[in-house]
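Let's have the full structure, built from the sequences with the hints guiding it.
Note that UniProt numbering numbers the sequence shown so that position 109 is 109, with each residue one more than the last.
You may find that some hints are simply not true.
As the list claims (entries may be wrong) - In silico EDC-like links for lysine to aspartate or glutamate, alpha-carbon gap of 20 Å or less:
| hint | residue 1 | residue 2 |
| --- | --- | --- |
| 1 | K285 | D295 |
| 2 | K250 | D198 |
| 3 | K258 | D198 |
| 4 | K258 | E200 |
| 5 | K346 | E331 |
| 6 | K50 | E113 |
| 7 | K141 | E300 |
Keep in mind the hints are simulated off the structure, nothing from the lab.
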Amino acid sequence: MQIVQGEGESRCLVSDLFDISSNSSMEDSQKKKTEIRIPWGSGIVGHVAKSGVAVNIPDCYMDERFNQEVDNMTGYHTKSMLCTPIRDLDGAVIGIAQVINKAGDGHFTKNDEILFGKYLQFCGIGLCNAQLYERSQLEVKRNQVLLDLARVIFQEQSTIDNVVHRILTHMLSLIRCERAMLLLVHDRSPGTFSRVFDLEASEVQDEEKRVCPSFEGRFPINTGITGYVASTAETVNTSDAYSDPRFDKKVDHGTDFKHRTILSMPIFYNQTTNKVIGVFQLVNKFDNLPFTTNDENFVEAFAIFCGMGIHNVHMYEKTVVAMAKQQVTLEVLSYHATAPVEEAIKLSRQKVPSAAALSLHSFSFNYFGLEND
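Encoded structure:
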């Protein structure tokens, strides 16, 4: 059985259970689970998925669509095959089921096609229910992560490093990929990046690393996918980085790392303006899968929280600077407004003149006796 994964042109078929016989148990099937990826429209299985029409082949080796590499991989010899799509309630193909080599060295009949098709209707219902349950569990986890992220943002306001580390850690724990990056646009020079944070999935489990690795400097934003996102404020989701003309292949030179799939999204200062203050980038989703629309929606939520976190840190830093300036000003004023102890003692020993001597009870005022100073 192959399950449809991905969306649009990036769809593929992934074997969920393979090489199952009438004597196989669930435990044995899961132990010898071999993942085989089939491109959309490739081979007999890909053809059935794309066309949505069942195929009954008496001799697979006589069919040009049959891929003999699967037999070479498993050591099994395929003769006859019945391949039928599994559909959901809306009629969309969500999987492909195959039965191979009918007992008795015969081939599958029309009655076998009808019976298999009716059986797969129930399989489609069960598969849809299982996928719906998985999505509901994923949404629960996502909501919990977003709540934790909101709490973290309002607690961690000391430095940008702490906020970014917590955000990237939460992101990698939910969207399983090899690397997450955050690039900040320079405040006074919008045409350059001022700082780059880079966190790998292997570093998430390291409790000693409380700060996300980063490096500072000025990097132009007119190159690469991140530069395109920072300049245009558009999201980029590519399933093949090297086939995208916006990708800068030089970033992989001299390293053992190779970019395959990339999801890059802008970070705005707030939702009322289109000022881009940074770029999120996720690289190489696990299992060689492309990033989906759901991933984009979730990263967008992360970008909103990240923008809020950076904004709060900036406000906190400005507040700290303002309080420091106020403290210095008060100290200066206090210094000039405070008299020495000697002058205070001298003043306390002087005789206080009477009110009559100072004409405090008189309402007249003669300024001719006053000097210009």
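Structure versus earlier hints - violations, ascending order: Number 5 only.
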